Structures are given as structure tokens and as C-alpha cells.
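Chains as they are written, first to last, in the working numbering: chain A, 20 to 605; chain B, 42 to 459.
The hints are simulated quantities; they were obtained by calculation from the structure and are not laboratory data. Careful, some of the hints might be misleading.
Keeping only pairs whose Cα atoms sit at most 27 angstroms apart, straight-line, the calculated DSS-like set for lysine-lysine is [to be verified]:
1) A:Lys-345 - A:Lys-306
2) B:Lys-329 - A:Lys-242
3) A:Lys-213 - B:Lys-377
None of the values given here were measured: they were computed from a predicted structure.
One letter stands for each residue in the lines below.
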Amino acid sequence: MAKRLPPVDVVLVGFGWTAAIIAQELTEAGVQVLALERGEFRDTVPDFATDTIQDELRYAVRKQIFESPERETLTFRNSADQTALPMRHLGSFMPAAGVGGAGVHWNGQCWRFLPSDFEIRSQVEQRYGSKFIPEGMNLQDWGVTYDELEPHYDRFEYLCGVSGKAGNLAGTKQPGGNPFEGPRKHDYPLPPLKRSASTTLFDKAAREAGFDPFPCPAANASKPYRNPLGVQMGQCTYCGFCEWFGCGNYSKASPQTTILPVLLKKDNFSFRTRCNVTRVNTDGRGKQATGVTYVDIDGNEFEQPAGMVVLCAFAQHNVHLLLLSKIGTPYDPQSGQGVVGRNYAYQITSSVDVFQKEILNPFMGAGALGQGVDNFNGENFDHGPLGFIGGGYIALWNTGGRPILQHQLPKNAPKWGSGWKRAMHDNYLTSTSIATHGSVMSYRNNYLDLDPTWRDDYGNPLLRLTFDFQPNEHRMSDYLTEQATKIARAIPGATHHAKKREGHYSIVPYQTTHNTGGAAMGADPRTSVVNRYLQSWDVPNLWVMGASVFPQNAGYNPTGTVGALTFWAAEAMKRYLKNPGPLVTT
Amino acid sequence: MSARTHIVRALALGLAAAAGAVAANSADVARSSPGPHASVEHGRYLVRAGDCQSCHTAAGGAPFAGGRAVPTPFGTIYSTNITPDRDTGIGSWSADDFYRAMHEGIARDGHHLYPAFPYPWFTRISRDDVRDIKAYLDTRPAVRQPDRAPELPWPLSIRGAMAVWNGMYLHEGTYRYDPRQSAAWNRGAYLVRGLGHCSACHGDKNFAGAVDQDHPLEGGFAENMYAPALTGGKRDGLGQWSEQDIVDYLGRGRNAITTAGGAMAEVVEQSTQYLSEADRRAIAVYLKSLPAPKDHQVASLDDDTMKRGAALYLDNCEGCHMRGGSGQPGAFPALKNNSAVQAAEPDTLITAILQGDRVPATQADQTALAMPAFADRLDNQEIAQLTSYIRNAWGNHAGGVDAGDVGAIRKKLRKSNH
Numbered sequence: 020m021a022k023r024l025p026p027v028d029v030v031l032v033g034f035g036w037t038a039a040i041i042a043q044e045l046t047e048a049g050v051q052v053l054a055l056e057r058g059e060f061r062d063t064v065p066d067f068a069t070d071t072i073q074d075e076l077r078y079a080v081r082k083q084i085f086e087s088p089e090r091e092t093l094t095f096r097n098s099a100d101q102t103a104l105p106m107r108h109l110g111s112f113m114p115a116a117g118v119g120g121a122g123v124h125w126n127g128q129c130w131r132f133l134p135s136d137f138e139i140r141s142q143v144e145q146r147y148g149s150k151f152i153p154e155g156m157n158l159q160d161w162g163v164t165y166d167e168l169e170p171h172y173d174r175f176e177y178l179c180g181v182s183g184k185a186g187n188l189a190g191t192k193q194p195g196g197n198p199f200e201g202p203r204k205h206d207y208p209l210p211p212l213k214r215s216a217s218t219t220l221f222d223k224a225a226r227e228a229g230f231d232p233f234p235c236p237a238a239n240a241s242k243p244y245r246n247p248l249g250v251q252m253g254q255c256t257y258c259g260f261c262e263w264f265g266c267g268n269y270s271k272a273s274p275q276t277t278i279l280p281v282l283l284k285k286d287n288f289s290f291r292t293r294c295n296v297t298r299v300n301t302d303g304r305g306k307q308a309t310g311v312t313y314v315d316i317d318g319n320e321f322e323q324p325a326g327m328v329v330l331c332a333f334a335q336h337n338v339h340l341l342l343l344s345k346i347g348t349p350y351d352p353q354s355g356q357g358v359v360g361r362n363y364a365y366q367i368t369s370s371v372d373v374f375q376k377e378i379l380n381p382f383m384g385a386g387a388l389g390q391g392v393d394n395f396n397g398e399n400f401d402h403g404p405l406g407f408i409g410g411g412y413i414a415l416w417n418t419g420g421r422p423i424l425q426h427q428l429p430k431n432a433p434k435w436g437s438g439w440k441r442a443m444h445d446n447y448l449t450s451t452s453i454a455t456h457g458s459v460m461s462y463r464n465n466y467l468d469l470d471p472t473w474r475d476d477y478g479n480p481l482l483r484l485t486f487d488f489q490p491n492e493h494r495m496s497d498y499l500t501e502q503a504t505k506i507a508r509a510i511p512g513a514t515h516h517a518k519k520r521e522g523h524y525s526i527v528p529y530q531t532t533h534n535t536g537g538a539a540m541g542a543d544p545r546t547s548v549v550n551r552y553l554q555s556w557d558v559p560n561l562w563v564m565g566a567s568v569f570p571q572n573a574g575y576n577p578t579g580t581v582g583a584l585t586f587w588a589a590e591a592m593k594r595y596l597k598n599p600g601p602l603v604t605t
Numbered sequence: 042m043s044a045r046t047h048i049v050r051a052l053a054l055g056l057a058a059a060a061g062a063v064a065a066n067s068a069d070v071a072r073s074s075p076g077p078h079a080s081v082e083h084g085r086y087l088v089r090a091g092d093c094q095s096c097h098t099a100a101g102g103a104p105f106a107g108g109r110a111v112p113t114p115f116g117t118i119y120s121t122n123i124t125p126d127r128d129t130g131i132g133s134w135s136a137d138d139f140y141r142a143m144h145e146g147i148a149r150d151g152h153h154l155y156p157a158f159p160y161p162w163f164t165r166i167s168r169d170d171v172r173d174i175k176a177y178l179d180t181r182p183a184v185r186q187p188d189r190a191p192e193l194p195w196p197l198s199i200r201g202a203m204a205v206w207n208g209m210y211l212h213e214g215t216y217r218y219d220p221r222q223s224a225a226w227n228r229g230a231y232l233v234r235g236l237g238h239c240s241a242c243h244g245d246k247n248f249a250g251a252v253d254q255d256h257p258l259e260g261g262f263a264e265n266m267y268a269p270a271l272t273g274g275k276r277d278g279l280g281q282w283s284e285q286d287i288v289d290y291l292g293r294g295r296n297a298i299t300t301a302g303g304a305m306a307e308v309v310e311q312s313t314q315y316l317s318e319a320d321r322r323a324i325a326v327y328l329k330s331l332p333a334p335k336d337h338q339v340a341s342l343d344d345d346t347m348k349r350g351a352a353l354y355l356d357n358c359e360g361c362h363m364r365g366g367s368g369q370p371g372a373f374p375a376l377k378n379n380s381a382v383q384a385a386e387p388d389t390l391i392t393a394i395l396q397g398d399r400v401p402a403t404q405a406d407q408t409a410l411a412m413p414a415f416a417d418r419l420d421n422q423e424i425a426q427l428t429s430y431i432r433n434a435w436g437n438h439a440g441g442v443d444a445g446d447v448g449a450i451r452k453k454l455r456k457s458n459h
């Protein structure tokens, strides 16, 4: 029997990036907010202290700060004619557990999506005609525009102390920045990170290939920074332990380094760790959320009543919770009807390894220390003759030179023994890799639902992921890989090895933690779960944050857009709290 | 909490008291228009400036209800209930009773208080300020919580012994305005020597725990740390600080030279950041007027220690404190030219390396940027080499440290953390 707790104004499911932003915004508006986090509390000191964090075996190989699939996982299959099986080890993606969420272990690659990304269906139809859209692709506009999100991107970038160089200030192109980016009102709060030998090499080669390289936006502080909340960050030391690690130097933006010092002092904010939310409760008619039910680490069940519920968990966990709570119509791939679980998407990545003569010292890196090329992203180029939708960036990320997982060896190098050692010795300091980061569209046959067989610790059905790469994505990724190869060829004295993404999607090798969709936002309740303010169409006091609301994925890392959407939704929530009800009527 | 913490808090308390006294003493520090609640508001300012709440509140306890253990070299003393509860607090105390306690260290029933309560400083607070402090305390919720008896050895356990102590060390009397000095200087002196009780930490204590009144701010031990000199020494004092540096330090816990750490971080967080800019500046004016003591000669270090120290610095410290000890302005303190680093005694630096430290979170700078503990990573010899190096690199100059010094502090910390 669940123990009923005293009610709060707002309960947040999860305590990562989106929850921290929502909590900060709503507590400023005078509301009482409670966050429920399944993991532990963590902070820069002692949890990510510089004298312990740089341990690749512990964190990157043994995955110490990620969610543990023994406790939470999903089942997976490529297509509906297969039987899904549980993911027993993390592989393709690395969701976090613990305060700060994946905002603790991300790289800090903090992009804005292109204006065209938010209106992709309209733009594709206008530019290439509606027949250009392949059968089975659920291409959708977002219901929000870049111009509407611009001030919120700005707020997130200034919150995080993003290092970069504007390419388009209020419509005027800026030399040295990304010429393809949408117009921005302000430059980045900090100048770009210092370039490394490998990003300098890339910059030169990309220019020779005829492209327009620029420093990638980095939520790694290039200088000491004080954000608008008065929270401070230290300067990045280029230690090369960003991705999959917490930052010990207060240099990588995370909830801990940008919001929590202010938020945790507030009387109208509280949080509880080791609390796994299992249901969003609704009233008898299913029209109003009444709170959540959660289970603590000892297995005790609690009911937490709340006036408003915000789902701030990792993308697929939000969808899982909606399905378990029977909120919204579950997606049915047979009929194409229903919305919850529809529009699941991912990203498609490839790389071109480069072996050359110059010493690059790859260990001097930062998670978002990169030089990129955006010529082949979104609608920045003509897709007509190419016959695919979408695109991505090409970049050389000098994230670090960790010995176990961050090295490149020539294709024919031995896989073990003294030959392998010799190849490592010969190539560690002089090899690098160019990455492509491609969009994945949503399809009728890629979706999330509840597994009919497998159940979790609490007796609830596991979430089932049905997903495969489609021909459109392979064509796009192959094209990106070809362009990246042109850059590799322009590096003097280099040999290269292009690693295309081939065949079916596999959940085993690491690719990217950019899972999206399942609770799409949009203008039409028949194809979206939440309206353009991220408010549930069905239950107006329930909101869904994070990448689960993306109708399809773009060719950029999603955190910048997740941050902007969260600030955008927070503004809407403040209006809602003054005058509750649906913010969009149909 | 360490004893040092308490001492520093007491110091801050003294500052606040001093602020009040100026108002009382000198017509040119007049209070703004006295509304109906002026004295309560002013009392609140003084109580915060004096950081009364820190000592008079137990961990997790009701504010001002006392019961917090204050470790002293002689034994543990527990702070008292100063809420308006009539039986267990000071609700039945008259203004005169309270004034006598603040000025003479004698409670309402006539028993002597121990000078862990900083009445040797508070005696300088004006009658009006003491009245306002009481007026504010009287507005706090009354909490019934009897005081806890101190744990002191005989003969200190006899409160009458304090009469002897007072006879020897208490210089009773409110602050006397010095007409040869500016109003700001007088205000600063009133704060530093009264409510702020700065010398409780920053002064040398004799065998009886009394501060050397002839050299009250030349640095002193406060629990496991050494509170550096606030006099004009160029290396280990405030000689190279500007007035603005002091104003920033007290208001934000950081300035161009260093950051507050250890117990002083708490003092800044809970007390000095709430002082008015004018009062912080007055303190700066007063402190900057203090002459430099004679520089003590220290021997130069051998090359081997410096080389080993430099290697340890590169591996453990340079990421934040940067090459050349330059720090990151606005985030992590410089170590070069840092007066706390070059303090007469290295205890503060060694303690920070062993157990880590943090800067205060203030209204202006919200992050309590923290340094990790290195106790498990570096042994006594390494910490000695590192400390010696930091105290003598980049133009710094201060006495070297040996492994025995580090071992003694390590042992002391282990004991006080249990």
C-alpha cells in the first residue's frame, strides 16, 4: 500500500538538466518544487575530484556513472517481425542515473539546430515537392520556430558559458564562425577553446576541400566564467576526460556547475534521491494528473500528490512512464494511429580515421574541442540530386587521448600481441579521426511500446524499442562520409580509413546517446503527444521535457536544443500556473 | 566544526558589534531615519554582522537556542540559549542584564561566562547597539532549551575563576572615539576591535587563551588553522592589499589576491557579506592603517626540495592554480603573492591540502568552489615538499615545512574529525 505524502505544487520526475532548469525557473516564480531522482546525489567535490576522476577503466569501461541495466533497461529488436530481447549491457547509448543526469557526463557539444530543422516538412515540400518524402517517413514540423527559440538558446548558452564564435549575428555573417547557423542576437559568452594540433590540421584541410570550418560550440569554459545566476566556472584544463566523466575543474557545464549552487539553497525547492517513479497518477477521468507514485531504494512505495507533474527523465524513460500511466493514446504501427511511442529516432554516425606524420598530442583535449563543417547539414545544401532528406555536421573532435578506448589503428594492424603494441606505439601520437554526425528521421516502423514478455523489478512491462536504419539514412550518412574523406585526403602525407555505418542498427557498439522522440511535440494532437509548449494534449497539468519531444532528430548533438526548449516550456508553465488549462486548444 | 571555525565566527561577530558601536559613538555615523522598527532592523544587522547565530545554534537545532559545542584548548563549552524564552533563554533579562553580560561577561544571575563568548571584545560595543541587539533577539521565536554545562577541568570549572581571568585580561569599556583619526577609521576600529572580535582568531593567544593586546592582529592559531596577520606585512599581511581588496574579500569572499577558505569562508558567508559597503570600507581603512610588524627572517630552501615540490605542484595543483601560481581570477585563488600562503605558520595551507577547502558562496558569487582533499594521495613528505615549494616559488618567501609538521597536523585533523 503506497504511503500518501503531503502534496507539493510541482513534482519533477528526474533531476538532470531539464529538471534543474524547470526547478530554477518555477521556484523563482514562487512555486514549491520537488524533484524525484532515481540515482544518487553527486557534486564536483568529492565525486568528480581531479585526483580521482581521470580513471578510464572505472568510468568509461566499467561505466560507473551511467544507469545500470540490471535495474533499468529496455528490450530491442530491429523490426516488428522479430522478438525483442532485453539489453543486458549498455552499448549504443549511455543514459545516466544520478543528480545532474547525463549533463554530468556529456562532452559539452552545445549546438543550436538550424531554422530549417524546425520546419523540415514544410521546407522539404516547398523545395523538393511532397513526393520527395519516402513512404513510411513521419516527417513533421515541430510547431515551434527557430526565431521563437532564439532567446531561449541564448539563455541556455549564457547559463552554460558556451565557448564559441558567432557566424551570424542578427543576420550579418561573421568571419570565423559557422556561416550556416541561424541568426543569433548575441555572440557566445566565451571565446572559442584553444585549438589543438589536430583541429588546426582539420581546419586547413577542410578549407582546401572547399568547405567552411569553424570552432564548434563548447560548453567547456575557455576562461573563468560567472553565469547570470552568479554561479562560477573554472577554465578548462584540456585534461581530456569529459565524455563519460564528471568534470573536476568546474569547467564543463552541468546542473552542478551552473544551477545547483543557487537552486539547492532555496526554501521552496527540495529533492529526494533513490526514488524511482513508476506511475503518473491521474483523476478518475484521466484528464488531470494528481501526482506520481514512486518506489524508494528499500522497495517502499509512496504516493506524492502534486498540482503539476513534469517528466524530466531521459528520453525513453519519459515515454515508458507515459505508457505505464496510460496517458495519451499508445502508437499502433499497424494502423499508424496513436502517438505515444511514435516518432522514435536516433542519429547515424560514421568516421574517417587519419594516419599522418605530425605529432598531435591527442591527450590534450576537451569534450567539445572541435573544428566543424556544416556545409552538409539540414537544408544547407541541395538534396534534390542526392535523393535523401536530412544531413549532419562533419567535425574533428579532439576530446582526448585515453589509452583504452580513444585510439586509432590502421585497418590492417594486428588486434593483439606485440604487433598491436607496435601499431599503438607508431600511431597513438599521430593519428586522429574525423566524425560525421547525421540526422535520423522518424518512420512508421521505428517506435517504442511496452514489451509483452519482459518485466522490470517492479513487475512493470519493459519498454520495447523497435528500430532500424532506413535507406534514406544510409544514403545520407554515406554521402557525409564521402565529404569527410575529401577532408582527410587534403591532409598532407595522410592515409585514411573510412568507417561507413553499414547494415542494420546494432544496439551493441557505442554510437551516441542521442535517443529522441516517442512523445513528439507538434501542432496536431493526432501526430504529437505534447503541444508546442511541451504540455500534454490529454492532461494539461502534465508536461514532458527533453529529447523525447523531438518529432525527428537533426544532425547535431541535442543538448542545446533540449536546453532551449526547456526554457521555452518554463515560460509557458509560468503562464499556465497563473491561469491553468490547455495553452493550445484544438 | 572545528574550534577554529568558532573562533573565526566569534571574530565575525565582533565585527558586527563594532558596526553598531560606531553608530552609537559618533554623531557622523548616524542611522537613517528611525522608523518604528529601526532598532530591531539595526539589531538584526548587528546580530548578522556579529554572526551570533552561528555559535548560538546547534547543528540542526533551533536558531539562537544554543547548545553548539565550542571546543577550546581547555575543554568544550556549549553556547547558550539567547532566544526570548523566559526560563531557559534571555526572555526575562532586562536591558541592563544583557548589557552587563556583553560588557563584563556576567550573566543575569551573577555567574561568570567563559570568554569563548567574546565579551572581551563586545565590551567595546555601545549601549545603544547592545540595546538594538537585544531588541532583535527579543523578536525571535522563544525556544525552551536548557543550557548545557561546560566540560572543563578544575579549576576552570569553577566559574569564579573567570573573575581572576577578567582581572588580568579584560579591558572593560566601550570604544573611545579617536578624534585624530577619520570617521571611517573609527568606525572600522569599532567593528574590528568590538563586535567583529577579529583578533580572537587573528591574534596570538597566551597560555590563558587571552589575546596579546599589544599586537592583536599579527596572526594566530585558531584550531587547526593559522589565521594570518591583518597588519601591514608585505608578504604575510595586508601590506599589498588595497582597500578595495579588503572590501571585496569581506563582501564576496574573493579578491584579486586570494579567496577566503576554511573557517573564514563561513564567516564571509554568514556574516561579513551582509555588512554594508561603507562598513566593509571602514574596516579596510582601519586595517590598512596598521603598521607592518618586523619581518622574520627565514632560511632559503634547498634545490632538491624545490624541484620535488615543483613536480608535485605540476601533477596536483596546476590544473586549477595554473602555471606560476597565477590562479584563475574570478574562480581559483592565485598562490603567488598570496598572504595566506606566506603566513608565519603553514598550518592553514597544510590543512587545506590535507582535507580540501572551499571558497564561500555569497550573494555575488554563488558557487562554493571546492578543492579536493589530498590526504589519501600525498604522504607527509610530499605535502611538506609541496607546501615548502608553494611558500617559496614565484617570489613567495616563507618558512619551509618538514614531514613531521605535516604528520602532526594530519593527526590533529583525524582526531578533531572524529
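Here's how the hints hold up against the structure:
1. A:Lys-345 - A:Lys-306: holds (11 angstroms)
2. B:Lys-329 - A:Lys-242: Given that 27 angstroms is the threshold and the Cα spacing comes to 32 angstroms, the pair is violated.
3. A:Lys-213 - B:Lys-377: Judged against 27 angstroms, a Cα distance of about 25 angstroms means the pair holds.
Of the numbered hints listed earlier, the single one contradicted by the structure is hint 2.
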